[in-house]
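Based on the sequences and whatever the hints tell you, model everything.
These are the residues of each chain, in order.
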Amino acid sequence: MFDFLKGMINRKGLPPGSVMYVGETVAKKVRIRIMDFDENNFVEKDAQEVEECFPFKDTPSTTWINIDGIHDTGIIEKIGRHFDMHPLILEDMLNTSQRPKLEDFDNYMFIIAKLLSYNEEKEQIESEQISLIMGADCVITFQETEGDVFNVIRDRIRTGKGRVRRMGADYLAYVLLDALVDNYFVVLEKMGEKIEDIEDELIEDPTPDTLRKIHHLKRETVFLRKILWPTRDMISGIERCGSPLIKDTTGIYLRDLYENVIHVIDSIEAVRDISAGMIDMYLSSLSNKLNILMKHLNAIVIAVAIPSFFAGAGGMSEFSQMVGFENWKSAYLLFFVGMVCMGIGTYFLIKRLEKYWK
Amino acid sequence: MFDFLKGMINRKGLPPGSVMYVGETVAKKVRIRIMDFDENNFVEKDAQEVEECFPFKDTPSTTWINIDGIHDTGIIEKIGRHFDMHPLILEDMLNTSQRPKLEDFDNYMFIIAKLLSYNEEKEQIESEQISLIMGADCVITFQETEGDVFNVIRDRIRTGKGRVRRMGADYLAYVLLDALVDNYFVVLEKMGEKIEDIEDELIEDPTPDTLRKIHHLKRETVFLRKILWPTRDMISGIERCGSPLIKDTTGIYLRDLYENVIHVIDSIEAVRDISAGMIDMYLSSLSNKLNILMKHLNAIVIAVAIPSFFAGAGGMSEFSQMVGFENWKSAYLLFFVGMVCMGIGTYFLIKRLEKYWK
Amino acid sequence: MFDFLKGMINRKGLPPGSVMYVGETVAKKVRIRIMDFDENNFVEKDAQEVEECFPFKDTPSTTWINIDGIHDTGIIEKIGRHFDMHPLILEDMLNTSQRPKLEDFDNYMFIIAKLLSYNEEKEQIESEQISLIMGADCVITFQETEGDVFNVIRDRIRTGKGRVRRMGADYLAYVLLDALVDNYFVVLEKMGEKIEDIEDELIEDPTPDTLRKIHHLKRETVFLRKILWPTRDMISGIERCGSPLIKDTTGIYLRDLYENVIHVIDSIEAVRDISAGMIDMYLSSLSNKLNILMKHLNAIVIAVAIPSFFAGAGGMSEFSQMVGFENWKSAYLLFFVGMVCMGIGTYFLIKRLEKYWK
Amino acid sequence: MFDFLKGMINRKGLPPGSVMYVGETVAKKVRIRIMDFDENNFVEKDAQEVEECFPFKDTPSTTWINIDGIHDTGIIEKIGRHFDMHPLILEDMLNTSQRPKLEDFDNYMFIIAKLLSYNEEKEQIESEQISLIMGADCVITFQETEGDVFNVIRDRIRTGKGRVRRMGADYLAYVLLDALVDNYFVVLEKMGEKIEDIEDELIEDPTPDTLRKIHHLKRETVFLRKILWPTRDMISGIERCGSPLIKDTTGIYLRDLYENVIHVIDSIEAVRDISAGMIDMYLSSLSNKLNILMKHLNAIVIAVAIPSFFAGAGGMSEFSQMVGFENWKSAYLLFFVGMVCMGIGTYFLIKRLEKYWK
Amino acid sequence: MFDFLKGMINRKGLPPGSVMYVGETVAKKVRIRIMDFDENNFVEKDAQEVEECFPFKDTPSTTWINIDGIHDTGIIEKIGRHFDMHPLILEDMLNTSQRPKLEDFDNYMFIIAKLLSYNEEKEQIESEQISLIMGADCVITFQETEGDVFNVIRDRIRTGKGRVRRMGADYLAYVLLDALVDNYFVVLEKMGEKIEDIEDELIEDPTPDTLRKIHHLKRETVFLRKILWPTRDMISGIERCGSPLIKDTTGIYLRDLYENVIHVIDSIEAVRDISAGMIDMYLSSLSNKLNILMKHLNAIVIAVAIPSFFAGAGGMSEFSQMVGFENWKSAYLLFFVGMVCMGIGTYFLIKRLEKYWK
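Chains as they are written, first to last, in our numbering: chain Y, 1 to 358; chain G, 1 to 358; chain A, 1 to 358; chain H, 1 to 358; chain S, 1 to 358.
Worth flagging that the hints you see were computed from the coordinates, not collected in a lab. As the structure is a prediction and not an experimental result, all values here were calculated from the model. Check before you lean on any hint, since a few could be wrong.
[As the list claims (entries may be wrong)] Okay, derived cross-link-like pairs now, PhoX-like style, lysine-lysine, Cα gap no bigger than 25 Å in a straight line:
hint, chain 1, residue 1, chain 2, residue 2
1, S, 247, Y, 101
2, H, 351, A, 351
3, H, 194, S, 226
4, G, 57, G, 29
5, S, 161, Y, 78
6, A, 247, H, 101
7, A, 101, G, 247
8, S, 122, H, 194
9, A, 161, H, 78
[Claimed, not checked] If you want the footprint, here are the derived chain Y segments under chain G, 3+ residues with CB under 8 Å:
hint, stretch
10, 260-272
11, 291-302
Even for Gly, the Cβ is constructed at its ideal location relative to N, Cα and C.
Put into structure tokens, the structure is as follows:
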């Protein structure tokens, strides 16, 4: 949870704008994929050298350069210099613990977003930083590791399906962000499943482990809120910043995206509310179990004490003598069986009466 | 509760604006009902083919096209194309997990609202998505299933009662939304009844089931808040967006509708507050029961222990010898009765004294 | 608490603006009282027919028409038609479950306010709806039942005391609202008394009934908040709506009234905070009682068990034989007294030691 | 706490602007002190009659009239008439339960502030109302009782130390308010001491009295918030109202004062947070004590029960016979000592083992 | 925690603007370090007398004067007079309990910020006040004690690394503030470690000391919030105040700094949320321990009581006689072993059955 602090501390003391990678995961090789297209044409290539993508900068067609792996600062710096980016942007891009944000420059926009995924093994939500630079007819995306979240968009571009081929760079940026936000719903569904599991446990047999799960769930909402609220601001900022890079026709798509993020936030807040209620349920289940235990203890103490009193108060021999039994053994048995019956009878009688006690 | 996520996940990977139905309920056949009226004339017909409603688009009279069932995407797409709707609208309309919202286009408005109803069988609140498109003299509504919520308005149009026949499309849209909001009060009343039931249980005999009911109630408020707050924004948006489609005379009706929604929201927030208090009552009732149990246990332990001590400390035989009784049997009886009386007396004495303990 | 829903549900399905009474209380006869005055002249009359008040509409002097009882929709409709009121206003006026609100028309203002009173019998706060229509030189008030809240103002008008006779209709409206708000303080004082009672109970001897009272208090704050926050908005709206009906000189009075409402709201929020603290006190008093009980039980178990062990471990006969006592009876007595003393001594010793246990 | 309601209720029914004193404390005689000064001149006098201060109204030098005691409404009315004050101001001034507020008139400003002090005897925070009227070169202050809070400023004026002599009426008003706010820090320090006391108690030995102190502390924060938030608004209002009475050079001082009030508010909010945490600590200390008690009870029950079983199961005589001891008495002793050792050993063994129970 | 009040109280009664030092730490000697540089030139000197730094005021190159130790009010006053500072600034600078704030004058800006550090010995977060005055080409910083937080910046200036040498005074001020904010992340990491420690304790073996740590953590968040929220306002104020002292090119750096502070605040709020959850975990661990204890007690009482009943009800002698054993000793042993087995068996049987009790 507090992993995000690491990056900040490592670069402590460096001058602002220092290009230094702070993340952990190191992809084997930085992979640079270029797609250049307009409504009719389409070029796709895997660049071996970073310089290969420079010529696309000046084509009138829409260019999407995707860089998987940001640990090679040399490549990042070269791109930064060629595309004339502000030094702070390069720093933010490499510092993988940034909050989602939007920085609007005159001729390009810089967006930091988060890709959320659910790690089934560690049973926790993980986030990866996606940086996106959007120029007039060029989008550059930086991913920490090579992932498959954008594959579906690549296919759409290749097949020419949808509006993505003809609507320019801002629409492409929207489509990429939309793919990220769609993933948030997958994470949400995972949380929904967890909630149902926990609620079942709460009803059937709550254990300390159930509380641990609730606490874990709560921490995840804390973690998600830290990502989602700034994401909301970032997306609403794209439309409202009034940049000429955003065409009017893209506005409605951005509003739709904004609605989706709000949708996710609403759900997270709902999970928060529900997890608070679950803690109450857990605590009261403990109290309830204790009450049940005490009721039994109560009944048992009485059920055991009364025959014991009889047994103590005189014992078998006096009893048999008093009743005048001749037969030792049967008297003993009778007394014994009577006491056991009295104990059991008392136990159930007391359990019945307890609810009327005041 | 987390059903709304399903739709979002199913369409993951599709390009924005894809017309795909994500809801569950499939009505048998899409039913298209057309009402065309002005102050003096009135035409009503059930269209067999979607094309039958196209001619009404250009009449100067107010037209209301109601479509029950949105699973037939072909019909939706035809309407969309004919009425020149934005592709995103069609997508939103079919995705039944949308938040209530308003999208204002130049020549029409797109509204998503929710119909709430209380399912007596499942004992839970259910919501259905209603999409509404309002043009200059045309309102198109899309319902997931054929319902009766708008019947009363149909009757009003047929009989010419009220202002609905002469005040145009924006007033018609208001009347339809008003019918939805009126239903919210029915759901609220249901919640009010539940609260009274739970409070009665809390006072009489709270059980773990009572807590489950409180938790369920709390989840319902969470669910309703997610629908009501965006509904509020949507309704206030209709008036404030300054669209020429909304006539000045309709403003006061919209403000009234807005007040009603706030009324519902206030009540939901009140339910939230009250349900929090009920959990406190439940928890303290558990503590209280435990205290009562312990008081009894306390008194019983003493009441049983003291005669047992006497019984143990000497037993019948020594006692009778000491007191000098000749008659074995009556001595035994006397001792026995005395011990039982001492036990019962001690029990009530202790119960009296307990409240003065500190 | 959820009574306010009734009105909303009864009129479900009616067209907006339907004049239908939804309240419960039916006054015997609608009473119409007219006061017409300026600085020098004063006329007062009880109208038998609603038409009697129509001529006063056009007098230049200030007219106050007070209508007690709103169940006779015929009278309301006549007034509505004569004074040219919007149909929605008539509907709102009769629907006694409205939130306090302000509707500003060009030539008149429509205000809904609430009269709060404390019902000593039912021990709960009750609210009555007061509708107020303010024209240029005319104020019409509608009350559900004939009450005495405005009597003091009537007296002031009759005697010519204060500014009310010369400052016109807007000042009159302010004075009437001020009389309502003054009543809120009476209700607040009642709550203050309740809080003191509950706190005394909490310190002396908290019972489940105390918790019930706290819960009731909390519900009353929930109820009052629902009335007071909209009242605040309504009053601040009167000044800020910029209507020409409100003279500049009245502004300071309205601001003062606003301050008073804020004062009441602040106090209600304080009651909320305090009642939350009282629940904590109640819960901890239960825990504390349990601890005290357990301490006693602890001491008693030990105090009883040790002599019982001695009694069991050998009994009287062996003991006396061992000690070598000749005299059976005195040995028995000695042993017996010793055991009882040991028990009591142990009890107090343990109670002393308990606080050092860790 | 709810004392502030009294004033409001007493004047219920009076026309707005009625000059009626509602406070409790009645100073023996109203004391009127006048200070008239500029950079070079200085006049100080105690007025016997209220009329003596009227001539100072028109001097170009700064005049400060301080009135201790506001129960003599005659004096207040005379001043009000001479200085041409609005009737509502006089009412507010005498109603000592007002919220801090600012009323900006064309030629003067009316300020209500609160003097806070800590009553060591009653161990509670008390507030006194200070009304302040600021004209172009005149400040009039009204105090409920004669206090010493402004003495330090009087000294400063007398000695000519500081800017107060040359910077005019608005700076004088600031200095007076600053003296009030400085006192708030004294009250805060008192609360800080209380918190430390309570925390010490919580760590050493929490009792129900500790909870009572926490509750009292919480109520004091509720009380202070009701005073401080409006004070903040009042002070920020002085600068922002744009009155020509406030010179530009005074702005920075007012902002500094505003910062101080925010400082106090921040601290009060911190106290709120901390007191909530202290209740949790108290409740858990109760639970913890109970657990410790139960652990002991647990160990004791076992430690007592096992020897009792041995004692009961056969008793001394059978035991000695079985072991074959010749010597009755030493056998008895051996058995007895063995049992006691077994009890004590079991007790400590169980206490050790308890922490591994699951 | 409430140390910050001291300063405020000491200066109570002094006129505003009094230059009086209120802090505790007194550095041995005030150290004045001057750095004067532009892109090409660089001068560094340690001033013995405060007058040595006056000539640098008028150089066109950027000057940074750092003063370690503010207890020598004479030096502060000389600087104040020479650099023409407002008297309130001097007062605020010396009052080390100020909130972070920004005061914008025409020709200079006054900033109060806090340096946070974690005192490993006292195990608590400490704050030191840093005052910063920024003129057109001059930055003066005042530290309470000589610290090393700015050393890294000094090195950067000396070596000419980074933009700091050529971007002027506003960038220098940003770099200094950035160094402070970088330190906040170190404190945050410390808190993260503490959280992990506490959570480990909560899972393994929660003790009252764990609660004390949680409470301490919560107090630290309270303390940090009081510093961080005003810091946020201060930093956003620098950019938004529109001062000509801030160049456009510095804007993006300030926004980046602002993002970092928000980052810290978000984390603190997350810690708040998590610490609330940890208290719930602690409380429920107590309840859980109690339940486990009671389960054992329950099983033990039964396991001990049943053999005791047998032992009491007849004892060895009757039993052996009844069963007809000839051999006293082996009968005794058999009975004894049987009883112990029955006790242990009952114990485990009951522990098994308990979970099915209802």
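Hints versus structure:
1. S:247 - Y:101: holds (22 Å)
2. H:351 - A:351: holds (19 Å)
3. H:194 - S:226: holds (20 Å)
4. G:57 - G:29: Distance of about 23 Å is within 25 Å: holds.
5. S:161 - Y:78: The hint holds at about 20 Å.
6. A:247 - H:101: This hinted pair holds, its Cα atoms lying about 23 Å apart.
7. A:101 - G:247: With Cα atoms ~22 Å apart, residue 101 of chain A and residue 247 of chain G stay inside 25 Å; holds.
8. S:122 - H:194: holds (22 Å)
9. A:161 - H:78: holds (20 Å)
10. 260-272: Since 6 is at least three, the answer is holds.
11. 291-302: Our answer is that it holds, as 7 residues pass the Cβ test (under 8 Å) against chain G, meeting three.
Violated hints: none; the structure is consistent with every hint.
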